[in-house]
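S.K.: Same order as they appear, the protein sequences are chains A and B. Position one of the first sequence corresponds to residue 1 (the numbering used here), numbered consecutively onward. Position one of the second sequence corresponds to residue 1 (the numbering used here), numbered consecutively onward.
There could be a bad hint or two in this list.
Here chain A is said to cover these stretches of chain B; the calculated rule only asks that three of the stretch's residues, wherever they fall, bring their Cβ under 8 Å from a Cβ of chain A [unchecked claim]:
no. : segment
1   : 64-75
2   : 86-99
A short list of chain A residues far from chain B (calculated; beta carbon distances all over 10 Å) [stated by the list, open to error]:
no. : residue
3   : 51
4   : 53
5   : 86
These aren't lab readings, by the way, just hints derived from the structure by calculation. Glycine included, each C-beta is placed from N, C-alpha and C at the ideal position.
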Amino acid sequence: MRDPLQAVLEVAGSGLEAQSTRLRVISENIANSQSVGEAPGDSPYVRKTITFDDELDRATGASLVRVKSIGEDQSPFKVEYDPGSPAADDSGFVKTPNVDVLVELADMREANRTYEANLQVAKQAAELLTSTVGLLRE
Amino acid sequence: MNVASVSALSGVGAAPSAPSPAPVSPSGDATPATSFEQALGQVFTGAIDSLRQGEAAAIQGMQGALPAYKVVEAVMGAQRTLQAALAIRDKAVSAYQEISRMNI
Numbered sequence: 001m002r003d004p005l006q007a008v009l010e011v012a013g014s015g016l017e018a019q020s021t022r023l024r025v026i027s028e029n030i031a032n033s034q035s036v037g038e039a040p041g042d043s044p045y046v047r048k049t050i051t052f053d054d055e056l057d058r059a060t061g062a063s064l065v066r067v068k069s070i071g072e073d074q075s076p077f078k079v080e081y082d083p084g085s086p087a088a089d090d091s092g093f094v095k096t097p098n099v100d101v102l103v104e105l106a107d108m109r110e111a112n113r114t115y116e117a118n119l120q121v122a123k124q125a126a127e128l129l130t131s132t133v134g135l136l137r138e
Numbered sequence: 001m002n003v004a005s006v007s008a009l010s011g012v013g014a015a016p017s018a019p020s021p022a023p024v025s026p027s028g029d030a031t032p033a034t035s036f037e038q039a040l041g042q043v044f045t046g047a048i049d050s051l052r053q054g055e056a057a058a059i060q061g062m063q064g065a066l067p068a069y070k071v072v073e074a075v076m077g078a079q080r081t082l083q084a085a086l087a088i089r090d091k092a093v094s095a096y097q098e099i100s101r102m103n104i
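Sequences and hints are given; from them, build the entire structure.
M.R.: In structure tokens form, the structure reads like this:
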């Protein structure tokens with residue numbers, strides 16, 4: 001039998017991994033929020049999305065979380081009037097990424113909170129394990 | 001390291017002449033130990049293994065090859081295993097001391 005508290009540590013660790021990947025995707029979206037094409041009609045940067053899924057850990061029987069897929073946002077690009085840009089079409093419009101920085105910032109906060117929650121779970125489990133072992137030394 | 005194995009050994013100090021405690025299998029997959037010495041040996045082998053893993057993880061982490069939380073997990077696991085092994089050793093030693101202090 002595997003120690004359930006040990007399993008807690010593994011589950012929380014998978015949560016940390018998932019949320020840090022999510023933060024990575026968010027940072028890519030924010031960093032590329034101004035990335036446009038370099039020739040007329042070129043597509044700009046496409047916003048990336050991330051989805052999660054549960055995954056059974058056979059050793060412990062616990063449900064871990066994993067990154068299911070990193071996809072592309074299907075929403076239409078924004079259009080900006082900028083005739084001087086190399087990516088401007090005949091009428092002077094440039095397609096800009098479908099990234100809303102405000103949405104990304106809200107998403108980042110959520111990822112942050114979830115990461116912290118997983119950290120707290122790991123902290124609790126580690127403390128409980130340590131104090132259980134501590135029963136031996138009295 | 002399994003908490004169940006720790007609780008199985010916790011009676012050692014209290015009853016020096018008691019029969020050897022339940023078999024201990026630190027990694028969960030090892031064959032059950034037949035004697036207390038073997039059980040203790042397995043616990044220490046497990047402790048040394050997890051210390052090595054923690055050390056390797058720390059080195060990889062410093063090189064940036066492993067995410068921070070994995071390093072922390074491995075090092076904390078090693079620390080816990082070592083603490084458990086030391087606690088078990090202390091209990092065992094105190095049990096033998098108890099026997100040597102017996103009135104004859």
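S.K.: Next, verify each hint and record whether it holds.
M.R.: Hint by hint, here is what the structure shows:
For the segment 64-75 of chain B, the assignment as covered by chain A holds, since 4 residues bring a beta-carbon within under 8 Å of that chain's beta-carbons and 3 suffice. As drawn, the segment 86-99 of chain B meets chain A at 4 residues by the rule of a beta-carbon pair under 8 Å; at three or more, the given contact holds. No beta-carbon of chain B comes within 10 Å of the beta-carbon of residue 51 of chain A; the shortest separation is about 20 Å. With a least CB separation of 20 Å from chain B, residue 53 of chain A remains clear of the 10 Å interface cut-off, as annotated.
For residue 86 of chain A, the non-interface assignment is confirmed: its Cβ lies about 37 Å from the closest Cβ of chain B, beyond the 10 Å cut-off.
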